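Novice: Chain by chain, the residues:
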Amino acid sequence: MKSIIAALAFVVAAPFLGGLLAGIDRIVTARMQSRIGPPLLQPFYDVMKLMGKRNVVVNNFQNFYIICFFTFVVLTGILFFAGSDLLLTIFALTVAGVFLVLAGYSTNSPYSNIGAERELLQMMAYEPMLLVAAIGMYLKVKSFHVHDIFAFDQPLIVYLPGVFLGFLFILTIKLRKSPFDLSTSHHGHQELVKGLTTEFSGSSLALIEIAHWYENILLLGLVYIFFAAFHPIVAIAAVAGTYFIEILIDNTYARLTWRFTVVSSWVVTLIVGVANLLWIAYLH
Amino acid sequence: MNIVLFLIGIPLVSALLLSSISNQIVRGMVVRVGALVIAAASVYLAYLYIGKEAAFFTIEYPWLEHGIFWAEIAVAAFLLFNCRSIIKSEFWIPALIVAQAGISIYCEYGCAKPVVEHNLYIDNFSMIMALIIGIIGSLIAVYAVGYMHDYHHHNPGMKDRRRSFFFVTFLFLSAMFGVIFANNIVWLFLCWEVTTVCSFIMIGYPKTPEATRNAYRALGMNMIGGLGFAIAILYCMKAPGVQTIELDHLIKGGAAVALIPAVLISFAGLTKSAQMPFSSWLLGAMVAPTPVSALLHSSTMVKAGVFIIIKFAPVLQGTTAGFLVALVGGITFLMTSLMAITQSNAKRVLAYSTIANLGLIVACAGVGTYETVWAAILLVIFHAISKALLFLGVGTIEHKIGSRDIEDMEGLIATRPMLGLVMLIGIVGMFLAPFGMLISKWATLKAFVDNNLTLAVIVAYGSAPTLFFWAKWMGKLVSVPAVVKKIEGKINRDEWTALGILAFLTIAACALFPLAANLAIDPYVQALYGKTLMLSQGVVALMIIMLGLIILLPLSVFYYRGRTKPVTAYLAGANLDGSASFMGSLGTAQLVGTRNYYLSTFMSEKKLFMVSVILSLSLIIALFTVVSL
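Just so you know, the sequences run in chain order A and B. The first sequence begins at 1 in the numbering used here and counts up by one. The second sequence begins at 1 in the numbering used here and counts up by one.
If you are wondering where the hints come from, they were derived from the structure by calculation, not from laboratory data. Each hint should be verified, as a subset may be incorrect.
Unchecked claim - Residues on chain B that point at chain A, a partial pick, calculated with CB under 7 Å:
hint, residue
1, ALA433
2, VAL449
3, LEU453
4, ALA456
5, LYS472
6, SER479
7, VAL483
8, TYR560
9, LYS565
10, TYR597
11, TYR598
Claimed, not checked - In silico BS3-like links for lysine-lysine, alpha-carbon gap of 30 Å or less:
hint, chain 1, residue 1, chain 2, residue 2
12, B, LYS88, A, LYS49
13, A, LYS140, B, LYS531
14, B, LYS400, B, LYS207
15, B, LYS88, B, LYS207
16, B, LYS446, A, LYS142
17, B, LYS446, B, LYS531
18, B, LYS565, A, LYS53
19, A, LYS142, B, LYS531
20, B, LYS252, B, LYS52
21, A, LYS2, A, LYS177
Stated by the list, open to error - Partial pick of chain A residues on the chain B-facing surface, computed with a CB cut under 7 Å:
hint, residue
22, SER109
23, PRO128
24, LEU131
25, TYR138
26, GLU199
27, VAL268
All values reported here derive from a predicted model rather than from experimental measurement. All C-beta atoms, glycine included, are put in the ideal place defined by N, C-alpha and C.
Model the full structure from these sequences, guided by the hints.
Specialist: Here it is, written out as structure tokens:
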């Protein structure tokens with residue numbers, strides 16, 4: 001019962017929280033750049049405006065993939081907040097990612113095509129670390145189920161500091177933050193126009209944005225479980241701190257190449273993530 | 001028992017019949033009828049034995065013992081005869097053949113032969129294999145009727161040797177049934193060698209210099225493994241404390257008795273399954289006609305290698321040798337997945353992915369706990385279905401568009417929607433939740449986390465490149481070209497039958513796998529280990545939900561109908577002819593084209609291959625060192 005409520009709460013509340021988070025993100029970013037920034041609710045205004053716009057498409061299939069992407073992102077969140085198997089949650093997230101990539105390919109526009117290729121490279125970069133994080137939690141909790149991990153009485157961050165660091169690294173990719181916002185970025189003036197999402201408009205683009213909000217809340221949920229054994233206020237503060245660090249990174253680094261993204265992610269995963277696993281498995 | 005003999009015998013009879021028919025239409029009919037009978041018989045066999053305890057059969061024909069021996073000699077003689085056209089650097093191949101035949105002769109005349117009580121058997125695992133060979137193998141044979149017709153149409157200069165083609169196809173099916181039903185390892189070895197011969201003949205089918213050399217390479221590498229197998233038999237006959245050549249006795253004997261033969265036979269399995277460092281023969285085998293690649297080099301024959309390693313999993317469990325075998329599989333999985341990224345030739349991508357998945361299965365079998373064996377069998381089933389579909393799909397595409405390059409498959413979903421859909425089903429079957437291979441990978445990862453962290457990490461790394469090369473292939477298929485001309489074209493009925501049924505099976509297997517696991521895999525694992533893996537209902541429900549979503553979501557296309565405004569793609573310039581080209585800065589029309597990433601400046605196939613050869617070779621040397629100590 002509890003898990004159903006949690007899942008429902010996610011479905012209903014995540015877009016609002018995600019939108020607010022995006023608003024806060026924009027204000028904080030603006031302050032870092034000595035600007036005032038938009039109002040807190042600006043992301044909602046943007047999406048509502050997009051909803052009212054005409055849906056311009058290159059072909060009739062492209063929106064289908066976006067709906068699939070959206071559905072699977074929400075499904076992933078439901079799985080996670082309902083306390084289901086963490087590995088399956090990661091796999092469902094991968095399915096969502098693949099649909100977004102297919103949407104980019106489908107339009108066959110040069111910009112979105114390269115964006116799609118880069119998105120795939122990014123997925124290749126972060127996938128090992130996601131699985132390593134799940135394995136790390138399993139080694140400690142002896143269960144892949146999120147509700148078991150959540151209910152674990154010791155704080156995972158103490159045992160999995162390396163895994164957390166590695167996760168932080170790929171979180172930058174997942175949140176589409178600079179230096180790893182290769183496939184598409186919040187700013188419309190990168191070398192690939194809007195990359196993956198170049199050919200999407202109106203309600204489809206709004207759907208991508210909302211899916212992104214859902215995804216961000218899900219990712220912060222993942223950050224939360226590292227601190228779940230602490231008092232909720234401490235844990236939420238830790239999550240907020242993590243997100244602040246991500247904004248800071250976003251504003252202090254220029255975009256890097258895909259080579260660096262793939263190689264550095266794999267190496268970081270190995271050095272901090274896998275080393276942490278070995279430490280847990282053989283010394284604890 | 002009769003049904004087992006029937007399954008081995010019927011393909012043999014069909015093979016002999018086919019070798020004498022030169023009329024195309026009659027031959028086609030015989031192939032279809034033969035395939036149908038074999039498929040029906042394998043289903044009947046499953047109906048009889050599913051979920052039951054293993055059954056063992058005594059065969060009381062004394063002449064058969066000698067018959068098997070002389071058949072082995074005949075195989076060796078046939079191969080030696082064929083070795084008259086080898087080149088200098090292949091001198092070692094006849095040497096291996098002679099060595100093997102020598103061991104066989106010594107076993108026959110120089111050893112006291114252990115008494116064999118049961119020559120044949122069937123358990124739930126061989127029943128699953130029988131279904132794979134019987135249904136998928138037959139479908140591929142039917143497909144080949146249509147395909148080979150087109151094949152010779154497209155290659156007019158090539159000599160039509162279809163009579164021997166279908167003879168070998170059915171002979172191969174018979175030998176495969178032999179491999180999975182033989183409890184006497186001498187019989188098993190004969191069937192094993194026959195599959196090697198079939199592979200050798202089929203790879204050489206085009207008779208081009210390249211095909212001939214590749215055929216010899218495949219023969220040679222499989223012979224290295226065959227020699228290992230022959231030594232294992234000799235050891236079983238001679239070594240004190242073993243003295244049995246019955247598979248079930250060896251497996252029951254455990255590591256204390258059967259570790260050495262288990263390692264030698266697993267080594268043979270590694271060569272047959274084209275694991276590193278033997279992977280190159282399978283890549284070379286792609287010159288053969290596509291049904292051959294589907295039947296021998298992906299769905300069935302290479303599975304014989306992993307089949308036997310999975311059989312010996314209880315012996316390998318917990319031993320250093322087993323861990324080393326598993327590591328060879330793990331390294332193969334990771335490295336060949338990376339190599340697949342660099343390829344744009346569809347058949348080579350499929351070949352690398354086949355080797356990678358076999359590597360994963362080997363890794364499971366080498367660890368050898370009940371969880372990993374469970375996962376390994378699931379991998380065998382799903383891989384056989386999806387990969388057969390993909391190979392056959394590529395075969396048809398190649399005849400339709402005249403290329404097997406993935407870049408040329410752009411927009412297939414728009415230009416040839418049915419064929420495109422078939423390919424998409426095959427690909428998602430290989431790597432995406434909730435389809436088969438992903439479920440298996442999930443089970444594998446779970447099993448490794450408990451038993452072997454190194455392999456769990458290798459799987460975590462190896463899945464990422466898998467995702468990359470499949471998804472970019474899918475991307476090519478779904479990218480709608482600027483100017484769409486729908487040209488489905490007529491596809492041969494035999495080919496459609498096979499493609500349609502396999503596509504249906506890929507989806508059905510996803511929905512029905514809990515049932516299959518329950519009825520067949522669980523009893524097998526339970527009987528071996530006394531416990532088995534239970535799928536939680538939540539997981540099953542989740543898979544069904546995801547499958548339902550993927551089937552229902554395409555309906556959303558109707559929602560957008562009429563609500564969208566079609567435009568041309570953004571090209572940062574003035575579009576011409578839709579978005580097929582644009583006006584360049586010098587006033588000339590520039591054609592727009594998109595190409596996939598192959599990361600060729602980032603990593604090269606050659607370097608990756610060298611690294612994996614060094615790694616795997618040292619592992620194999622370590623394997624034999626550990627065992628001989």
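Novice: Please go over all the hints and tell whether each is borne out by the structure.
Specialist: Against the structure, the hints:
At a threshold of 7 Å, the smallest CB-CB gap from ALA433 of chain B to chain A is about 4 Å, leaving the interface hint in force. Hint status for VAL449 of chain B: holds, given a least beta-carbon distance of 5 Å to chain A, under 7 Å. Because the beta carbon of LEU453 of chain B sits about 5 Å from the nearest beta carbon in chain A, less than 7 Å, this interface hint is met. Interface hint at ALA456 of chain B: satisfied, since its Cβ lies 6 Å from the closest Cβ of chain A, which is below the 7 Å cut-off.
Taking 7 Å as the C-beta cut-off, the interface hint given for LYS472 of chain B holds, the closest approach to chain A being about 6 Å. With 7 Å as the threshold, the beta carbon of SER479 of chain B comes within range of chain A, its nearest partner Cβ sitting at about 4 Å, so the hint holds. Hint status for VAL483 of chain B relative to chain A: violated, with the closest Cβ pair at about 11 Å, above 7 Å. The closest approach between the C-beta of TYR560 of chain B and any C-beta of chain A is roughly 5 Å, which is under the 7 Å cut-off, so the hint is satisfied.
Checking LYS565 of chain B against chain A by beta carbon gives a least distance of about 5 Å; that is within 7 Å, so the hint holds. The criterion of a C-beta within 7 Å of any C-beta in chain A is met by TYR597 of chain B, whose closest approach is roughly 5 Å, and the hint holds. A cut of 7 Å between beta carbons decides the hint on TYR598 of chain B: the least distance to chain A is about 10 Å, and the hint is violated. Restraint check for LYS88 of chain B and LYS49 of chain A: the C-alpha separation of about 75 Å exceeds 30 Å, so the hint is violated.
Note on LYS140 of chain A and LYS531 of chain B: the hinted pairing holds, with a Cα-Cα distance of about 25 Å set against a maximum of 30 Å. Using a Cα cut-off of 30 Å, the hinted pair LYS400 of chain B and LYS207 of chain B holds, with the two alpha carbons roughly 23 Å apart. Annotation: proposed proximity of LYS88 of chain B to LYS207 of chain B holds, straight-line Cα distance about 19 Å (limit 30 Å). For the proposed pair LYS446 of chain B and LYS142 of chain A, the alpha carbon gap of about 11 Å is at most 30 Å, so the pair holds.
Proximity of LYS446 of chain B to LYS531 of chain B is assessed by CA-CA distance (about 16 Å); at most 30 Å being required, the pair is judged to hold. Distance check on the hinted pair: LYS565 of chain B and LYS53 of chain A sit about 11 Å apart at the alpha-carbon level, within 30 Å; holds. Restraint check for LYS142 of chain A and LYS531 of chain B: satisfied, since their Cα atoms lie roughly 19 Å apart, inside the 30 Å limit. Our distance criterion of 30 Å between C-alpha atoms is met by LYS252 of chain B and LYS52 of chain B, whose separation comes to about 19 Å.
The suggested pairing of LYS2 of chain A with LYS177 of chain A is violated, with an alpha-carbon distance near 34 Å, which exceeds 30 Å. At its closest, the beta carbon of SER109 of chain A sits 3 Å from a beta carbon of chain B; the interface hint therefore holds under the 7 Å criterion. With 7 Å as the threshold, the beta carbon of PRO128 of chain A comes within range of chain B, its nearest partner Cβ sitting at about 5 Å, so the hint holds. With a cut of 7 Å, the hint placing LEU131 of chain A at the interface with chain B holds, because the nearest CB-to-CB distance is about 4 Å.
A distance limit of 7 Å between C-beta atoms decides the matter here; for TYR138 of chain A the minimum to chain B is near 5 Å, and the interface restraint holds. A least Cβ separation of about 6 Å between GLU199 of chain A and chain B falls short of the 7 Å threshold, and the interface hint therefore holds. A least Cβ separation of about 13 Å between VAL268 of chain A and chain B goes past the 7 Å threshold, and the interface hint is therefore violated.
Of the numbered hints given earlier, the model fails hints 7, 11, 12, 21, 27; all others are met.
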